[in-house]
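Participant: In case you want the letters, here they are:
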Amino acid sequence: NAGVTQTPKFQVLKTGQSMTLQCAQDMNHNSMYWYRQDPGMGLRLIYYSASEGTTDKGEVPNGYNVSRLNKREFSLRLESAAPSQTSVYFCASQPGQDTDTQYFGPGTRLTVL
Amino acid sequence: GESVGLHLPTLSVQEGDNSIINCAYSNSASDYFIWYKQESGKGPQFIIDIRSNMDKRQGQRVTVLLNKTVKHLSLQIAATQPGDSAVYFCAAEGTYKYIFGTGTRLKVLA
Numbered sequence: 001n002a003g004v005t006q007t008p009k010f011q012v013l014k015t016g017q018s019m020t021l022q023c024a025q026d027m028n029h030n031s032m033y034w035y036r037q038d039p040g041m042g043l044r045l046i047y048y049s050a051s052e053g054t055t056d057k058g059e060v061p062n063g064y065n066v067s068r069l070n071k072r073e074f075s076l077r078l079e080s081a082a083p084s085q086t087s088v089y090f091c092a093s094q095p096g097q098d099t100d101t102q103y104f105g106p107g108t109r110l111t112v113l
Numbered sequence: 001g002e003s004v005g006l007h008l009p010t011l012s013v014q015e016g017d018n019s020i021i022n023c024a025y026s027n028s029a030s031d032y033f034i035w036y037k038q039e040s041g042k043g044p045q046f047i048i049d050i051r052s053n054m055d056k057r058q059g060q061r062v063t064v065l066l067n068k069t070v071k072h073l074s075l076q077i078a079a080t081q082p083g084d085s086a087v088y089f090c091a092a093e094g095t096y097k098y099i100f101g102t103g104t105r106l107k108v109l110a
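Protein sequences, first through last, are from chains A and B. Counted the way my numbering counts, the first sequence spans residues 1 to 113. Counted the way my numbering counts, the second sequence spans residues 1 to 110.
A couple of the hints might just be wrong.
[As the list claims (entries may be wrong)] A few chain A residues facing chain B, derived, Cβ under 7 Å:
| # | residue |
| --- | --- |
| 1 | GLY16 |
| 2 | MET19 |
| 3 | GLY42 |
| 4 | GLY58 |
| 5 | GLU59 |
| 6 | PHE90 |
| 7 | THR101 |
| 8 | GLY107 |
Since the hints were derived computationally from the structure, they do not count as laboratory data. All values reported here derive from a predicted model rather than from experimental measurement. Beta carbons are placed, not taken as given, at the ideal position from N, Cα and C, and that holds for glycine.
With the hints as constraints, model all of the structure from the sequences given.
Facilitator: As structure tokens, then:
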């Protein structure tokens, strides 16, 4: 039982490049989330998926897209990376849709030059 | 807007002492709160949670206290150990699922 896994661990992009961050969970959770963590700020929600087949915007969705590929996998895509997207990205999953504990992956550290 | 704040960016405690980490939230409608521990280079790890119908909840060496009147919660760690060194932050139910605090770095002194 690996919990929540994320790939890659580190990534460096040039401005304008695109990439997809991958996330998978093996806990049979319904809800999945993408956050970014910046110095001096709390985690901020980018997008979430309350259940397979649905996605919704969070607090900071601009510049990102997501895909809930199946119940296990939730990917985050940067179509045209910008230096402002330099951050640590965390994926999380939650058993249900209501208030409940969220379980986090190890994170992807992204630098955009 | 909504906010969650922690009172101290850094807290240093002697090994074996008790640690108290505080958190204040702004949304009086928040019904659910979580404490997380984050070690350097790792993802947040769930410690304990509490719902608004409770004032206190205990786990293994940890206790969370919730004061809804002043919108404040605290995390108490008993007999602090070197392995407790990390950043601790709270999360409160908010508009976008949860609002997260910035964290208090706990340093355990030998």
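Participant: Compare the structure with each hint and give your call.
Facilitator: Here is how each hint holds up against the structure:
no., hint, verdict
1, GLY16, "violated, 28 Å"
2, MET19, "violated, 20 Å"
3, GLY42, "holds, 3 Å"
4, GLY58, "holds, 5 Å"
5, GLU59, "holds, 5 Å"
6, PHE90, "holds, 6 Å"
7, THR101, "holds, 5 Å"
8, GLY107, "holds, 5 Å"
In terms of the numbered hints stated before, the structure departs from hints 1, 2, listed from lowest to highest.
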